[in-house]
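J.: Respectively, the protein sequence lines represent chains A and B. Start counting the first sequence at 0; every next residue gets the next number (the numbering used here). Start counting the second sequence at -14; every next residue gets the next number (the numbering used here).
No lab work stands behind these hints, which were simulated from the structure alone. One thing to keep in mind: the hints can contain errors.
[Unchecked claim] With a straight-line cut-off of 20 angstroms between C-alpha atoms, the simulated SDA-like cross-links for lysine to any residue are:
no.	chain 1	residue 1	chain 2	residue 2
1	B	K20	A	A236
2	B	K20	A	D167
3	B	K6	A	L52
4	B	K6	B	D25
5	A	K358	A	G32
6	B	K8	A	K332
7	A	K206	A	T244
8	A	K206	A	D167
9	B	K8	A	E213
10	A	K332	A	K358
11	B	K20	A	Y230
12	B	K6	A	D47
Quick caveat: nothing in here was measured; it's all calculated off a predicted structure.
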Amino acid sequence: MTSVPPPIAMLAELTHRCPLSCPYCSNPIALHGKDTELETDTWARAFDEAAALGVLQLHLSGGEPASRPDLVELTRAAQEAGLYTNLITSGIGLTPKRLDALEEAGLDHIQLSLQGTKAALADRIGGYTGGFDRKMSVAKEISIRGIPLTLNAVMHRQNLDDLDRTIDMAVELGARRLEVACVQFHGWATLNRPALLPTREQTIATKKTVAEAEARLRGTLAFDFVPPDYYSDFPKACMGGWGSTGLNISPDGKVLPCHAAETIEHLSFENIRDKSLYEIWYDSAAFNAYRGTDFLPETCQSCDRLNIDFGGCRCQALAIAGDASATDPVCRKSPDHPKVEALLSEVMANPDDSFTYRKLARTPQ
Amino acid sequence: MTLAIAPNDRPYLPRGVRLHKDKVRGGTVLLAPEKAVALDTIGEAILTRVTGDASFAEIVADLAATYNAPAEQIEGDVQNFLQGLRARVFLMVAQ
């Protein structure tokens, strides 16, 4: 590649530990234990290298990043590196004292997840009794301090009918931004399609509700909407194109083009413990594997959307079409699109509201 | 709410939105929650004047004087630019 741009954003998955066990967690199914996690100094070096490489936005995520005792130190390191620092959290573990320390360390913004708008539903989805009430008190503490807040509402069949209330809640909590993030089927969500896939009617209603609320609340609440892509005509421009705008570091230091990239098993990923971020971004085989559009099949090459969606998501192409170089099968032009239709019909014929919760395996199977 | 900015309104960048010198790519970017917007020289000229103290009318007058351009023309451009940011809650105004 001759013209690889520097990355804009980095997702630092500080830990896979989490008090919640949401059945759609984007973490890989094989979770890393605490003993494999990068130490504070290595993260701090990664933040410095990221800033030098061109990263502007740092997302401190997990698992639950507040499960790291050194979260304040890491936030300070990120701030000192000159990065815009965003904390992606369930709120659990953020005491008022800790919020004060994070503010003092220079945290720029918090993205708070929302599993549902009522305790019964939210706690069932998160698999954590009392989680909703604790989250609401954290949200109030964030709001009192005036820390910029985004609410990240992860939506699926079991809570999409609550979207109106979700939007009202975002306004009440003083959020400036609401992500209506319909579950994308990677990681744990693939095990829970029968419980999570929305109906077509819900999908249509959701698009309408978001469009209306966006117009009504312009200037008060900004929206980011991720529609359920199985019902889309065209795929999402996943990661804005592989290895073009963002990267992800897993708790054990693997540097990935996206959080699901490890599902592409023929790729091997370099570790920040062994190599610089610069070398990994520009020179590693994994980052170069699906850069650009040359690898895409004729379906994409002859399509006027080639440089809009870059053929969609590589992980989804592998998961559904069986080939990571294929057109994302959610695209209606994809020869594999019938497989998406089949998944939808199968789930709609046999919906099942029970969850396989995310959990850390004690011994690898 | 209307996004239009009145002459006496004092626009400001709220907490969590700030200008940042991009050492790697050059130029200035506007950093906001989970977004980075690369600014052209006009955007940068406008936003460096958005201090929270200056009124919209003062910002337009300053730009018109600095770039020796008619205030009416500048006013439309600045209004459009700032309204776009206000729609995304990257900009707020004090009356």
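J.: Which numbered conditions among the earlier hints are violated in the structure presented, ordered from lowest to highest?
T.: The structure breaks hints 2, 6, 7, 9, 10 and 11; every other hint is satisfied.
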